[in-house]
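Keeping the supplied structure of chain A fixed, place chains B and C upon it in accordance with the hints.
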Amino acid sequence: MATKQKFSISLVFQYLAVIAYILFLGFPFLWMFITSLKTPIELLELDQSLIPDGFYIQNYIDILEKRGLIQSTINSLIVAFVSTIITVLVAVPAGYAMARLRKFYAKAATGWILFSQVFPLSLVIIPLFMAIRSINLLDSLQGLILVYVVANLPFALWMLRGYVASIPVELEEASAIDGASIFKILRLIIIPLLTPGIVATSLFTLLNSWNEFFFALVLIQTPERETLPLTLARFVGSEGQVLLGPLAAGAFLATIPSLIVFGIIQKRISSGLLAGAVKG
Amino acid sequence: MKSPSRAKLYNQDAWLLTIPAFIPLFFLSIVPLVQAIWTGFTDLQAGYDFKPKFIGIENFRRLIGDTFFWQSFRIGIVWAVSVTTLALFLGFGLALLLNQKLRFLGLMRVLSLIPWAMPPVIVAIMWQILLNPAIGPVDSILRLFNFPFADKYLLGDFETAFPTVVVIGAWVGMPVITVSILAALQGINSEIIESAKIDGANAWNRFRYVTLPAVRSITTALVALNIIWNFNSFGLVFVLTAGGPGGKTYLPALFVYNESFKYGNFGYAAAMGIVMTISVILMLVVYLKARERQDEN
Amino acid sequence: MEITKLLAKEEEMNPRKKMSRKFISILSTLALAIPIFGTAFAIPAKAAPIELTYWSFHYLKATTAATEKIVADWNKANPNVQVKIVYVDVNNYLDKLTTSFAGRTAPDIFTSEAASIVAYSKAGYLADLTREMSSLKSSIPTGLWKVGSFGGRLYGAPLMTQTYTVYANVDMFKKAGVAVPTTKMTWDELRALGKKLTTSSQYAMGWGLRQPAATFMIMGQNFGGDFFRGLTSSAGAKLSITDAELQVPLRVHQMIYEDKSIDPASIVLSGGGNIAPFIAGKFPMLVGASYVASDLDVAAKEKGLNWTALPLPTGSVSNMQGANPQTLSISRQSKYPKESARFIRYMMGDQNLTSLALAEALIPSTTGAAKAALEIKKDSPGWTQILNDAGALTIAPFVLVPQYQKWKDTVAQPTWQQWVQGKITKDEMVKRLLDGWNNLR
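The listed protein sequences derive, respectively, from chains A, B and C.
If you count by this note's numbering, then the first sequence holds residues 2 to 281, one letter each, in order.
If you count by this note's numbering, then the second sequence holds residues 183 to 479, one letter each, in order.
If you count by this note's numbering, then the third sequence holds residues 676 to 1116, one letter each, in order.
If we strip away everything but chain A, and leave its shape as in the complex, we get:
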């Protein structure tokens, strides 16, 4: 009896803790949603109420109609998905090779990856801009995709290399003796075993590209090619002059796609997001 009681008390505490966590993480989002339903004059009030006076959908109409949000959402979807696909396609073989190459090369590559991650982005942006300009990809979604692939590659390589390292090498050796080429081994043995790692890497890349701001800001010049974060940023305005209602509506809408993706793959998420980064 005593154990049962203790059990349920600890359960109560667990639920309380979960609620606290959800409030901490989710309340800002809820509040954003509430704000998106308020009229400009409600938003000038002191001590904002938790329940809006009504459903002021003008905020949503404002951003959907006038600010090119739909076009930039489409652009963001294209850029995020295409750059994710390319990153994975390029990173899987390279990550595999890195895991199986001599230790010296692998170490050099890891060192490079580390350095490129730590070096301040704001210092690389101008040389990168010049490089993109020299291949005539400024102000294009292709250019942005290319930059995102390069930006995501170091981390993707690092993760995938770890996943590969956790696959026993004996399988490949056996196949190699049987005369299978390295490409065949990759396709038939490694890729099927690597699926969780690929899912995790894709998720990282997808979200990074979906949310990325700085590169898009600098590289994209035409409003028709803007990505979603750029469009959203223009609602932020400068200090004290925030277009709060439309901003909240835009933020709410922009968060939904990622949450849906999470909802769909939430079971898979738990199968080892960063696991690859540790192994090997």
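There could be a bad hint or two in this list.
Below, simulated PhoX-like cross-link-like pairs (lysine-lysine); rule was C-alpha separation at most 25 Å, straight line [stated by the list, open to error]: (1) B:Lys444 / C:Lys797; (2) B:Lys444 / C:Lys1083; (3) B:Lys430 / C:Lys1101; (4) A:Lys108 / B:Lys471; (5) C:Lys821 / B:Lys444; (6) C:Lys1083 / B:Lys430; (7) C:Lys1083 / C:Lys1106; (8) B:Lys233 / C:Lys797; (9) B:Lys430 / C:Lys1098.
The set of hints was computed from the structure by calculation and includes no laboratory data.
Below, chains B and C without anything else, positioned relative to chain A:
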């Protein structure tokens, strides 16, 4: 058993596999980075007609005496370490909870990812509004609980500004940590826990001897990555406090950004970047080596 | 060993694995197709007429609407010179502009603020507008013209500007039985007003001093606080902090800590953060920039707020404030500087400039537009006051000091934040400001 074919296989054909990744990396990552590093040894400044000169380590010599930079550098270290620690602590706790057999787990898992799903451009301005004592709700909530700083503007006050941005930084960083640790927790064989229970190990000992070792390596990786990410991020803090009050949140990444984009001293800024990068990598190497040594013992 | 064969066999039997292979091959085809597919995103370039790119950091709905109308009118009247607007996020304007200068992809025409003109023109990024804008010179106050200039040449045509104004809640003044000053107000009178309106339950004033440097430097002109001297000397500018420079910081400090007439909760916020409390009647006076008036207009319409603007506070020297107007510039690399200049002149025509400035809640920089704006706003005493303050704008020396930005960010801002929050003494403040200037690298 090492077969002769292995060396042949990996060292001939494997190179081919890296080419599709290496080519874009070379032109768009390695070349720009090398250029940026080179800039650190020149006097490059903004301007159409500016012809940069090679000046050796002059920038670095100047940097040694730049008290403002070192002050900011110190803030950056404290910031990166505190945010990482807090996010790790909170993320670990949530992961442990999500690993229990509770109700609505799926929903909770998705909700716990909100900070990650939200566009970063929005996150900062959202928190600024949430914390505004006049129109934001946080103030009223804190007053409800009689929190000591409830009447102050948490982002503007000298005592509270830095801790507040750390909490927000942890809010942003939590989801990745939670998800990764949760994954490691789910890899623990439940039989081990059961047998530990039967052996009479209490909850603390089970945590200490079963759970912690299982998440050890992922934690190491998370710490290293988060230190890097946090040290390099300034967008969030810039919107929240613009480096204030009194320079308490003036992060080094912001310092570098200002030096290059605002004041146009590209050469000097690049020197700062080099110094920062080397210091952080040294710190990480020390940390990773220490962990490795612990693992061996 | 037979593992490969085994695997192959298993694969034949397992449709899911086959699927994944198929999936990957589809992905790779897709990836290959992207460059071809990609061209479909590209927008065909226009052939005959020249296209001018105009970057704007404006984002308020009213301003963008006004801009779009101006540009549409222009494009209709000038089929051969089409202007294309690009809005850039104001918080990241600098990054984008700097990169585009470095990469030689800068826009033809762009908005900026006068404080950036020195750095940009020194770097050689800007086209000389002196001749092209000479027809407007007589209608722009000398101070504003100078702020947009460097080395005697105009590089940024001043568009519109703001003052730091004291707003008053007229109903609260009435209730307290205090008269609203209308013609002139000295700093001493402002302080007295603060004391009079402070009660046990209410502060007299909200003042957002989250970033105090601009306020102190700009209002410092009231007491002749120039901060920088010897601008023309070859040794460069010298910072000096005398009684004149200290007047505004000292008086603000007194109002916060001796008179307790400024709400301490307001000082850590930005100017905009105090608008809601002011509208809600938390304090009868609010110090803020001109743009605050647009929110007050909304509150007046919706909630019957009865507001006005007080005369600019006058110090021992004048009521003059340093100006930092929004400007229009042409990049030096523009292929069409003449056409661009023509567009700027069009934009600065009385009617267009008036509509822009009123949308942005700022003071238009030409006398003609200021007059037109006054006519439109003649029923609003607050606006009348604000628009009439245009004459009190001058050039503050700091805008000509290249090192000023860095000193402001790393020294002045933090030091004055500490001063305003009562963390340091007056002597410490002065020492830090001066030492910081000398230690700047």
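Going down the list of hints, with the structure as the test:
Between the alpha carbons of B:Lys444 and C:Lys797 the distance comes to roughly 14 Å, so the proposed pair stays at or under 25 Å and holds. For the proposed pair B:Lys444 and C:Lys1083, the alpha carbon gap of about 12 Å is at most 25 Å, so the pair holds. Of the supplied pair hints, the one linking B:Lys430 and C:Lys1101 holds, its CA atoms being roughly 20 Å apart against a limit of 25 Å. Proposed proximity of A:Lys108 and B:Lys471 is supported: the alpha carbons are some 15 Å apart, at most 25 Å.
At most 25 Å may separate the alpha-carbon atoms for a hinted pair to count; C:Lys821 and B:Lys444 meet this at roughly 22 Å. In summary, the hint linking C:Lys1083 to B:Lys430 is supported, as the alpha carbons are separated by about 15 Å, within the 25 Å threshold. As the CA atoms of C:Lys1083 and C:Lys1106 are separated by approximately 15 Å, the hinted pair is consistent with the 25 Å bound. Restraint check for B:Lys233 and C:Lys797: satisfied, since their Cα atoms lie roughly 14 Å apart, inside the 25 Å limit.
Restraint check: the Cα-Cα separation between B:Lys430 and C:Lys1098 comes to about 13 Å, which is no more than 25 Å; the hinted pair holds.
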